[in-house]
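Asks: Please model the complete structure; the sequences and the hints are all you need to start from.
Okay, so the sequence shown: first residue is 1 according to the numbering used here, each after it adds one.
Simulated from the structure, these hints should not be mistaken for lab results.
Here a beta-carbon is modelled for each residue, glycine too, at the ideal position from N, C-alpha and C.
It is possible that some hints are incorrect.
Subject to a maximum C-alpha distance of 25 Å in a straight line, what follows is the list of computed DMTMM-like cross-link-like pairs (lysine to aspartate or glutamate) [claimed, not checked]:
(1) 144 - 244
(2) 255 - 40
(3) 228 - 146
(4) 255 - 244
(5) 44 - 250
(6) 140 - 247
Pair by pair, the computed Cβ-Cβ distance ranges are [what the hints assert, rightly or not]:
(7) 101 - 196: 33 to 43 Å
(8) 100 - 127: 18 to 28 Å
(9) 169 - 247: 18 to 28 Å
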Amino acid sequence: MVVEHLLLQEKNSITIALAQISVIDGDIISNIKKHCDVIETTGKNNGDFVIFPELSLTGYELDRANQLAFSIKDERLIDIQNCCINNKVNAVVGAPVRLGKDLFICSLIFFKDGTFELYTKHFLHPGEEHYFIPGDLNPKVIEKNEIFSFAICADSNSPIHSSNAYYTNTSVYITSALLSTNGYENDTMVLQHTAKYYNMTVLMANYCGETGGYKAAGGSCAWNSKGKLIGKMAPNTEGLLIIECTDTREWLLNKIIAF
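Replies: Shown next, in the form of structure tokens:
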């Protein structure tokens, strides 16, 4: 299912921050506070969007996913919703979400006008099928002639997923990930190939530190539509990689902020 969300234009450029963070596995209260701090920092740096890693509100806690899961009307999300409104920032946040009786790995896309959309992970990593089912929710966000589509980690390794994004006119392909030190090189090669082959700007927000028993590789990064690296975070640094699309539709590094 594809849903388009058209944003009102307030400026000519688009600025996106990739949030490379560590989290406390299972500590939703602390993780929400960190998300709000990052959203506030994004707003202070004139960011329009901030992208968080996969399952960022809970950490990659598969065994406890059912216990930690959110509903779409969960009161725990109100602080993030209000933070986006107050700071005029759109945020892509990761969480396990229960829809009916089924549990999904999701990206909650909070908009600065108080609304939100839900993306569900389409292609599960081996082992995730014991806890989650694949989904088909696939919102598109349109801003300043750019069409954003979303992926969660293993989605971006699927040729079907990236080609579907291309054939629905995606120009910016946004991935929320948990890339380990073992898988980082191969996974980023795939993302770079996607950027070049499909002529899409590709963004990837990863964890640093450990979550769910994995050592995250950091290295959140972005490639332009020719596959050229725009910017990259260090492996073990929490912070923001901020890139900007100019009025000529060229994506450039704006700044890197270390926390």
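Asks: Against this structure, judge whether each hint is valid.
Replies: A quick look at each hint next to the structure:
1. 144 - 244: holds, 12 Å
2. 255 - 40: holds, 16 Å
3. 228 - 146: holds, 19 Å
4. 255 - 244: Status holds; Cα separation ~9 Å.
5. 44 - 250: Measuring from Cα to Cα gives roughly 23 Å; hence the hint holds.
6. 140 - 247: Judged against 25 Å, a Cα distance of about 21 Å means the pair holds.
7. 101 - 196: 33 to 43 Å: holds, 41 Å
8. 100 - 127: 18 to 28 Å: holds, 23 Å
9. 169 - 247: 18 to 28 Å: holds, 20 Å
The structure agrees with every numbered hint stated previously.
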